[in-house]
Each structure stands twice: as C-alpha cells, then as structure tokens.
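*Asks:* For reference, the chains in residue letters:
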Amino acid sequence: MMNIPLNIVSTVHDWLFSIMPEGVATVTEWIIVAALYLALFAVIGLYLVLLERKVAAWFQLRLGPNRVGPWGIFQTIADALKLVSKEIYNPARVDGFLFKIAPYFVIVGALISMSVFPFSKQFQAFDINIGIFFLFSVSSIGVIGILLGGWASNNKFALIGAMRSGLQTISYELSVGLSLLTMVLLAGSLQLSEIIEVQRTGGWLILQGHIPAIIAFMIFMIAGTAETNRAPFDLVEAESELGAGFHTEYSGMQFAYFFLAEFINMFIISSIAVVLFFGGWLSPFGITEGITWFPEFLWFFIKVLIIIFLMMWFRWTFPRLRVDQLLTLEWKYLLPLNLVNLVIMAVVIWLNWTF
Amino acid sequence: MSYFSDIYNGIKTLLTGMSVTGGYFIRARKGSITQQYPDNRDTLKMFDRFRGEVVMPHDDHNEHHCTGCQKCEIACPNGSIEIVWDRQVDPETGKKKKMIDKHIYHLSMCTMCGLCIEACPTDAIVWAQNYENSVYDRALLTKVLNQPGSKVKAGIED
Amino acid sequence: MTDQKVKTKMKTEEYFVNMGPQHPAAHGVLRLLLTIDGEIIKNVEPDLGYIHRSIEKMCERDSYQQIVHLTDRMDYLSSHINNEAVCLTVEKGLEIEVSDRVKVIRTIIGELTRLASHQLWWGVMGMDLGALTTYFYAFRDRELINDIFEETCGARLTMNYFVPGGLMYDIHPNFVKRTKEFIAHFKTKLPEYDRLLTGNVIFEKRTKGVGMLTKEDAIAFGATGPVARGSGFASDIRKKDPYSAYDKVDFKEALFTEGDSYARYKVRIMEMWESMSIIDQLIDNIPEGNIKEPTKAVIKLPKGEFYQRVETARGELGVYINSTGTKNPYRVKFRSPGFSNLSVLNHISKGVKIADLVATMASFDFVIPDIDR
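Residue numbers (my numbering), protein chains in the order written: chain H, -19 to 335; chain C, 94 to 251; chain A, 604 to 976.
Take the hints with a grain of salt, since some may be wrong.
Claimed, not checked - Quick list of in silico lysine-lysine cross-link-like pairs, DSBU-like style, CA-CA up to 30 Å:
no.	chain 1	residue 1	chain 2	residue 2
1	A	930	C	190
2	C	191	C	236
3	H	34	A	792
Calculated directly from the structure, the hints in this document are not laboratory data.
Whenever a hint applies, use it, and build me the whole structure from the sequences.
*Replies:* If you want it as structure tokens, here you go:
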C-alpha cells in the first residue's frame, strides 16, 4: 500500500516525463520544486510573524491581532501589502550595487538550507551524503548579507550594527557546529535521512544519548538563538540602543526580506534541532507508523512549532545581554563546555553506554 | 568550582523567570486585560466623579441655576470660561439684576482642574462623564453652556 | 594604557552621537550629546528645555489655589505629592493646621502615588533592558491604583485633589475597600516581580557594578531620593523632616551602600514594600474631622519667604514661595529632584559602554517634565 504523497510525487514525475522530452521534463521538475519552496518560504515567513505576535500578546496579558480576519490570520498579508506599496529609495552615496544585492544573500542562504530538510520520507529535495555539513556551511552565507548591508548603507550606525551582528553570528556558529558534531558522532552519519533512520530504530537521539545529548541540546538552543540575532541576544536591532542596526537604510520590500529572513532562520535552526535531536518526521513511540495515509510532515511541523515556541518564550522573558557579555558567554562558557561534552559523548559511545 | 555553581545558579534563575511568563501564557484566555474599546461602548461606564466635560444642567422648564456672578470666571486659571452678562430689570422684584446672556466654555483650553465647579455658589455647573470629545473642527470646542431661550430659575441667589 | 600611547600608535576618532530627543529609552524628551570612542563613552552632555512650559512664570500670575494644578504636570507620576508640597507651603504661610483626617488621607494617597510611580518605573526598567513583558505586568497592576484615584478624584493622571486648607471633597465611600483589595492583590504580585526580574542572572549582570555613584559624590551633586539612598546617603525627607502623618507611622528607610544600579533597584523595591506597610497601618483608622479648613476666597500670604520640602517618588521636591502680601505670589521656585540627579550622569558615565548608560538612566528614573518644568 503506497503512501498517498508518494503517489503524488511519482505520478507527477511520470506524467511530466510522458508528455515532454526528458531534458525539458527535468527542467520543469526543477522549476516546480523551486516554486514550491519559494511559496513555502513566503507562507511560513508570513505566518510565523503572525504567530510571534499572537504568542507575544498571550504572554503579555492581551489578545494579539484579531481584527483582520478571524484570529487575525490576514494580518501579515495586510502588512506585506503595506510593505510592497512603500517607496524603495536609494540614499545618496550608497554603493548602489552592493546595497541592492545585500538582502538577496540572506534569502539565498535560507532557501538553500531549506532545500535539504527531510519534511517527510518522500519530501526531500536534496538527499546528499554530506547533509549536515552542507547545511551548516550554507547557512553561513547569511553573514555576508548582513555585513554588506551595513557597509553599503554609508551610515556609521548601520556599520556598527552590522559589525556587531557579524561578530555575534560568527562566534556562535562555532558552538552550533560543535554541538551538531556531538550528535553526528552518536548518529554515525552526516546524511540527514540516515540520521532519521537511526532514530526510527533506536529511539530519538536525545534519549539515546542521555546526558551529553541533553547538554548538547541546551547549548544548541542558546547558540541557535544567538545566531539568528534574537533576544536575549538582539543588541544589534534593539530600539533602546542607537539606530536600528544594519537595516536602518532599507525600506519597503528590502526591509521585508531581512525581516522574513530572520524568521526563516529561526525556522531553520528549529528544523535542525528537530531532525538531530527529536526524530524529524517520526512520530513519538511510533504511534502512527501503521497508518499509511497519515501525512508524516505534520509531525515535523508540530515539533518545529514547539521548538519555535521555546525560542519565543526566551525572547519575551529575558533582558538583553551586553555585547561583551555575549562574547564572554560564548568563548568562556559555551565553547569549553562544548569541547568537554564532545569528549564525554565519544567516551559514552566507546563504552557503549547509550540506550 | 564556582564556574559550575555559577552556571547552575544562572540556569535556575532563568528557569524561574520563564515559569512566571509561562504561567501567564497558560492562563491567557482568562487573564487578558484588553478591553475591546469601540465594540463595548454600550457597557462602558465611567465613575461618578469622572471629570469629562463641564456642563450646565437644565431642568424640564429649560431653566438653569446660573446667576452670572462670575465666580467661575475668576477661579479659572487660564481663562477657559467667559461670561457675557448684562444688567436687566428682574421681573419679580423690579430692580436691576445681573443676568447672563451667554456662558462660553472653551473645552480646548480647559485643564479639568475643577476649580470653577468648586467656586460656583449655586451648583450651576457640574461634571459630565463623556470622554469622546474629539472633533474635526476646532471651533466646535468652544461651547455655550446655557441653552438658547433658557433663563435662571426663580429664587436662586448667589 | 595612557592616552599618549594610544594617540601615537593608532588613530581612532571620537565622534558625536545624539541620543534623543525622541528616543524609546530617554523617558521623555531628553537630548544627550554623547562623545563616543568606539563603544566607550567619553562625555555626556544633557540638553534640556524641550518641554519647558514656564510653570514658575505662570505661577506668578495665578492665585494660590490656582498654582496647585500646574504642579500636577511637573512630575506627572507623583502628581498628588507635588500638589501636597504646594498646599503645605501655603498652609505654612497662612499658619493653619489641617485636621488629622486630612493628614491621614494625604499620607495614604501619597503612598499610593508612590506605589504607582514605582510600578511604572519597574515596567520601564525591564523594557529598557530588553524584557518587554514587564511593562505590561506593571501597567496591569497600576490600573488598579488609577481606578482608586478615578473613583475619588475623578482624574487618572492630573489629579488636583488637594487644595490649600485640605481636600477638595471627601473621599468616596468605596475608597477604603478598594485600597484594601488592591494591597491584598499587590502583595501577591510583588514576589512575582522579584522572580521575573530581580534574581535573573542576565539582569544582575547588566546592573551590578554599573553606574557607580559614591556617597561623597551623591552629597556633593545634591542627589536625593532612591539615587542617593542607593549610595548610602540617608536622605528620606519623611524621616528627617516629617510632614502630614509620617511621624505617626512606623517604617524603615530603604538604604543600601553599593551605589550601583542594582542597589538603586533594590531601594525602590524595598520602598514599595514599605509603602504598603504604611498604608496598612493607616487605612483602618482614618479619623473623623474637617475636610477643609475655612480660608478666605482670596488667599493672601503675609510678606516673607516660605519653603517646604516633600519626598516624591524621585527625590526631594522643594517649593519656595516669596510673597509680597498680594494675592499672587511674587516668585515661586521648585527645586526639582530630577535636575540634581541628572547632573550626576556625566560624572558616572565616563568610560562605560552605551548599553550601560541605558541601564543607568533606567535606574535613575527620570521624568523629563520634572527637570524642565
């Protein structure tokens, strides 16, 4: 009995190949997948913004947007329309080419990262054998966008903000990488679908690896929130400080790109956490293994939403860290802990103490 | 060793803070204090002593209590009250008496201090409780408090 | 490393940055000219006057009952206490003694005002440092105090309820009940505030050791209020020079010696607890008596100078009236607490980072209309 999604994918694939010559059909397939990912990017970005506003409101004893559509579901569409209708201007003496191209770096980085995620057994665009490594290196492209945006704005506050943000992102990538490495040790492979196979037979990785995995998860959450410039690490774009960070001079749709890219980065970090620690699209305790028509990507999205909620909880509870405290946290606390944790995990695997 | 106790204490305080906001999140439906303002105008009621706007109450025969003594005009700190008065022959006693023509009140300048209402000896002006006083034309904020055709009630002395 | 060495080796530029007047962390319209070198501040120069409304000049053309409502708008978060200051000065000049009922009611309402002001300060401090939910929790509790005031005085921000000689009208019958309910409710909320912000490791790191003010500097610059009490200078007017019913109640003065922003924070939290204790002692036995001592309709103070000081939520407010015997004062001067506290800012901000400046200003609790008058 085939899964219905698999049917759709293979049906479309066969149909395309039957009506067009092979080269054209392949290219059409690529275009369809790319369009699907762009649509997913836009929709997820828009609705994450709405979710953030609603969740923030519930923490703060108020209701969120509830006028534009039932439960405010058309609110971000209204916001997007407003941003599209704003004038895009070039301030004097900006470096024109770099100024225009900076937002696209962050979007391209986010889109390429999204393409390797296993949303379900069949819905994965690239299943390459260096999955995690590729994912991690591509998500660093976003830093270039931030630095270019700050430099090309010809504005000293934007430059300071961009420098700080770049510094923060680069430092915390170390911690993210090392904690991912710890889990890769446990899983035994860099390929994403392999990692999920290991979790299907042995239980979720965070349970398999008990103590070192839990420490790795905590470090990953802290470093992940820092990498996406979210509170409590959002000194760069805080309104109480000077200016508005690297996107001061952008308006309209370009600002929307940076803004959406932040939420998509949050989605990406949560997805990495879900795939590596919590079993990807597998159901807990295998309760829907037998039901073949159950859409597996639903489990993936539910788990990602829970981790995103955790990140939002951090944002609305804690005050901000100062820049030097941020760096102290990383280089004096997170990095040594990470290295020690890596060694502990290696020892645990060697002595076969995993579950 | 203080390195590890620092980390442990830090994480403990962070989790305590998160528990406070988490508690509010769970009780969000009941605990939200938002008043859905334009939709709840029917049930919204101000307190009795709320200082909304100064009005002059008139009774059924279109009579008010203002004798034109000008005590409110003197008490007002910034000139929001202007009284236009004249001496006319009082029909009852036959003597000349002060009577008001218009009691002009500038809502745009009023600071809601309440000194005019305290100064009035006959309780001619009182506080009303309307809070929606915005208009598109500033001239509408200069109000004449006594209605046209009204006169002072007989027997009121200041 | 001396400045000499830095100049010869690496040429860094100092540049000017304008913080404000429209700024989410400036608590009003305050313009600060910062001279920064990288992230370190070299000089802070406040530029005042954006909300100067010549209140002292307006007092010269108003009568003594009319100058009370102008003080509402100076430090609008402790408006009742400002009114009390002027009324006490005029009563000192006329040498009238108000009844016990008026004294007790003035004290209770003054302490409620102090609670409301500190609640707003707590919310704004959290918000300036990045914890955006504290603002909403503080306002939720503050609304209850505003409801108490609205029922009795009719207004929520600019009250004008105290007049020279007593009160404008008697308190509402529900006042005692509502106040007791509020105190019972707030006693459960203040520990929650502590759990959310006070013990938080991030908050402590942002405020401990930041903005150090020594006791000698506090006395030299004339800082009063929680700013001075956080540095060990016992300057509470309610203890030193009691007015209204403060000599009849028993409360501790909040005093800490560290002198950093965390100490000022703790001073205000302790003041909130002490305010609740004062209200508890007074609310059940409000004595009977006159609401207003009879004064002439046109008050004329005898020739001379009169001065009275009170403790607002920000520090010592002093009212000086110079009268020549006519119905308008000749000169009224307000010694505002924020002005002297602001003068400390340049001294303690040399060599700190910009983020520290924000934390320091949040702990100072400025209300700019109080400084500019």
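*Asks:* Each of the hints needs a verdict: does it hold here or not?
*Replies:* Comparing the hints with the structure gives:
1. A:930 with C:190: holds, 28 Å
2. C:191 with C:236: holds, 21 Å
3. H:34 with A:792: Roughly 24 Å separates the two Cα atoms, so the pair holds.
In terms of the numbered hints stated before, the structure departs from none.
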